[in-house]
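Listed below are the residues making up each chain.
2 protein chains.
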Amino acid sequence: MSAAELKDMLGRVRLTPVEKAKSILLTGLQDVVIPSERCPLPAALDRVRSADSSAPEDLPTHPRSTMDGFAVRAADTFGASSTTPCYLEIAGNVAMGQVPEGNVTQGKCHRIATGGLLPQGSDAVVMFEHTIPVDDKMIEVVKSVGVGTSLIARGEDIEKGCPALLRGQLLRPQDLGLLAGLGITELEVYKQPRVAILSTGDEIVPWSNSPPPGKIRDINGIVLAGLCERLGAKVIDYGIVSDSEDVFYNTLEQATAENNIVLFSGGSSVGMRDLGEQVIEKLGNPGILVHGVALRPGKPIIIGLSQQTAIFGLPGHPVSAMVCFELFVTPALEKLAGKMDTSQFSSPTIQAIVDRNINSAAGRLDLVRVQLQERGNDLPLAIPVLGKSGAISTLSRAHGYFFIDEPSQGVTKDTPVQIHLLS
Amino acid sequence: MSAAELKDMLGRVRLTPVEKAKSILLTGLQDVVIPSERCPLPAALDRVRSADSSAPEDLPTHPRSTMDGFAVRAADTFGASSTTPCYLEIAGNVAMGQVPEGNVTQGKCHRIATGGLLPQGSDAVVMFEHTIPVDDKMIEVVKSVGVGTSLIARGEDIEKGCPALLRGQLLRPQDLGLLAGLGITELEVYKQPRVAILSTGDEIVPWSNSPPPGKIRDINGIVLAGLCERLGAKVIDYGIVSDSEDVFYNTLEQATAENNIVLFSGGSSVGMRDLGEQVIEKLGNPGILVHGVALRPGKPIIIGLSQQTAIFGLPGHPVSAMVCFELFVTPALEKLAGKMDTSQFSSPTIQAIVDRNINSAAGRLDLVRVQLQERGNDLPLAIPVLGKSGAISTLSRAHGYFFIDEPSQGVTKDTPVQIHLLS
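From first to last, the protein sequence lines stand for chains D and E.
The first sequence begins at 6 in our numbering and counts up one residue at a time.
The second sequence begins at 6 in our numbering and counts up one residue at a time.
If you're looking for bench data, these hints aren't it; they were derived computationally from the structure.
All values derive from a computational prediction rather than experimental measurement.
Heads up, a few of these hints could be off.
Heads up, the list lumps identical chains together, so a pair's fine if it works in one copy or across two of them.
Keeping only pairs whose Cα atoms sit at most 25 Å apart, straight-line, the calculated DMTMM-like set for lysine to aspartate or glutamate is [as the list claims (entries may be wrong)]:
#1 K344 - D57
#2 K344 - D128
#3 K344 - E42
#4 K27 - E331
#5 K344 - E234
#6 K344 - E263
#7 K196 - D128
#8 K27 - E258
#9 K418 - E286
#10 K393 - E62
#11 K148 - E258
#12 K142 - E379
#13 K239 - D51
#14 K393 - E161
#15 K344 - E379
#16 K27 - D140
#17 K25 - D419
#18 K196 - E24
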């Protein structure tokens, strides 16, 4: 698509609806090949599985008791009750962590603790609570048990050959637990996406510097890096890049070649936006995908693709840049991390009541930052954080945000809204 | 409280309701002193602020344009419209990143881009879109502007001396952005809590080993470590500890002295539970806080406190251990990380429809693991993951969970439930 096609007959930029822009972006990324690498199990936390895996063995490998009691033959207890108990001889003790000695034969039982291996011949466990000791060698069983009672059978957790984890699954603590239980000590995971971060604009100095008059500290670089790190990406800092076309083009070309995602931000002026547009077009293959979305804040975002690298020209205002990150960079990063079904479930929210009327232009998605005020048993109050999109403090004061959808012209006081927490 | 007082007249353990157990635990931790340390800004991501901080300077330090246009004296534009434009002479250009040359005087304006520093004498910006060029030296302004239009004033983001971040606040990417904008390059944060993890039981071998018959691989250790790491804790692995009272007591004593939280798990047998109870009582100061909660899975948890260290005897079954972690260890860890208001807002959920009747005993909190099935525009379906609490695969298959509250005897098919995602 050429830059000209993205404008209407009056030369105004055509704004793409947010969902359409996201869909164009993810379609553009659908054929990207994500490399994988081997990783020891403990380091695989929060990485993404790059191949389906099945259980190499039964878990557990042997039946184990889930209660303290006696390993029995279930048939020996049939009909047992407190009025008509059955009597079993204690013929053995299962030592924890040991292979049980001897078999359980008719009319006999072995003492067993939770976690103990079931002796040969037994097929159920009677809990201590359902027995009465007669003497050292004999118990009364006052409740009958069926086959399999109070034990976990061989392969009951997972059977050998059954799917354990699917390709594209994020490895959570409990997933590592399953792999540990199966004796899988290392595994294939997708490589972490590499994200290049550039700040642009001759007015920007590194945040660690004291800016001379006329210049300001870079805010977007550290915010974007933090957002990327939280999503498990590797961040490569390309620093502050001059507005000069040659310098900017060369840096962007290198960053695009070396990374999976390139984020540049800083220029909110028309000149800077035009420059961003030009260099993405010049990189080509295919170049610009989306220029301007029907979103506030965040309208002037540029989304591009060059070979297999997604390029985002984020607005310079910190609030706009972070909103664009949430809506566009996050799904792209999850896609390039190899996560399946990134939009499978809606993101979790909490309900709150908006404390005033808020207007919105129809045809545009509005993101409203809010502070929440707890009110005991009532739903919390959502208090909009007002302030310009250049004011980073409004994001730092916000507990979360809600959306006013495109068709809506606003929300009225006392309406319940779904809050996405910024936690 | 002695162990005897925790039992009823028939010698049964009295189960503490979940909310009461949590409240006893957090009350026990309320006077714990959390040390702090200095940390460079980029390393402060996801750490917790240990002191209030206020802005050391105005942000921005000078008024800046938020639009491309002309810096003007607002008074010069009063009454301007497309039918009665006013005329202003272009007396200068604000170069990006430079201190503007000259003042804006009556009837004059300076060309300015977004982010440019406002020249002396100007108090508003007229957007390009609201001007018509007459020649190189003169514009028509077709819309009047008020003082402050299209600019961010000195201190408008945050004023010098105003509170920037509060003690107990988790430092999110946007909070680092605010600190960066204010030139704060290092800051005081709470030290990360240290968590000791021990697995107990003579039947347990490290997960990296091949277990001989009768033994099983340790699952809880790696799951608990992952859960702690995700919450920003430092995990210290004390390995697998023998059931022998002396060895266990000595290891627990050392772990308690060296850490803020001690987690031991593995023994689900009565003997092992009694041992856990004995050693926590022996450590004392004060010893056991809670023994057994009205929760399924997770009933046999032991919660103790010794000096300033919280001790959790978690059930050996992996599902029970993780549930107890979510409900009890997480709030304790957040408290010991220095986070304020950990329970300020309810945790975000998504709504789903339960696909079958599920029974629950009244007087007990039930946690039901579920898989979710997306259904287009309808709410997703919540399908309970059935399986014993010893089966780690049930947690790996689960997308989330919901609660059946103490007074309830179950939920019926087609009821909407609030799902906490296990993401």
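Taking the hints in turn, this is what the structure says about them:
With identical chains, the CA atoms of K344 and D57 are at most 25 Å apart within one copy only, with a shortest distance of 13 Å there and 39 Å across copies. Proximity of K344 to D128 under the C-alpha cut-off of 25 Å is found in neither arrangement, the shortest distances being 42 Å within a copy and 50 Å between copies. In this homomeric assembly, K344 and E42 come within 25 Å of each other (Cα to Cα) only inside a single copy, at 15 Å, whereas the closest approach across copies is 36 Å. In this assembly of identical chains, the alpha carbons of K27 and E331 lie at most 25 Å apart only when taken from the same copy (11 Å versus 34 Å across copies).
Within a single copy, K344 and E234 get their C-alpha atoms as close as 16 Å, and across copies as close as 21 Å, so both meet the 25 Å cut-off. Taking the closest pair of Cα atoms, K344 and E263 come within 25 Å of each other only inside a single copy of the chain (21 Å); across copies the shortest separation is 39 Å, beyond that limit. In this assembly of identical chains, K196 and D128 lie within 25 Å of each other by CA distance neither inside one copy nor across copies; the values are 46 Å within and 52 Å between. In this assembly of identical chains, the alpha carbons of K27 and E258 lie at most 25 Å apart only when taken from the same copy (24 Å versus 55 Å across copies).
For the homomeric pair K418 and E286, neither the shortest alpha-carbon distance inside one copy (45 Å) nor that between copies (55 Å) is at most 25 Å. Taking the closest pair of Cα atoms, K393 and E62 come within 25 Å of each other only across two copies (19 Å); inside a single copy the shortest separation is 59 Å, beyond that limit. Taking the closest pair of Cα atoms, K148 and E258 never come within 25 Å of each other, the shortest separation being 76 Å inside a single copy and 42 Å across copies. For a Cα distance limit of 25 Å, the shortest separation of K142 from E379 qualifies neither inside one copy, at 62 Å, nor across copies, at 57 Å.
For the homomeric pair K239 and D51, the shortest alpha-carbon distances inside one copy (13 Å) and between copies (17 Å) are both at most 25 Å. Taking the closest pair of Cα atoms, K393 and E161 come within 25 Å of each other only across two copies (9 Å); inside a single copy the shortest separation is 58 Å, beyond that limit. For the identical chains of this complex, K344 and E379 are inter-copy neighbours only, at 17 Å across copies versus 35 Å inside a copy, given an alpha-carbon limit of 25 Å. Proximity of K27 to D140 under the C-alpha cut-off of 25 Å is found in neither arrangement, the shortest distances being 74 Å within a copy and 43 Å between copies.
In the homo-oligomer, the alpha carbons of K25 and D419 never lie at most 25 Å apart, since the shortest distance is 31 Å inside one protomer and 33 Å across protomers. Taking the closest pair of Cα atoms, K196 and E24 never come within 25 Å of each other, the shortest separation being 28 Å inside a single copy and 42 Å across copies.
The structure fails to meet hints 2, 7, 9, 11, 12, 16, 17, 18 from the earlier list, while all remaining hints are met.
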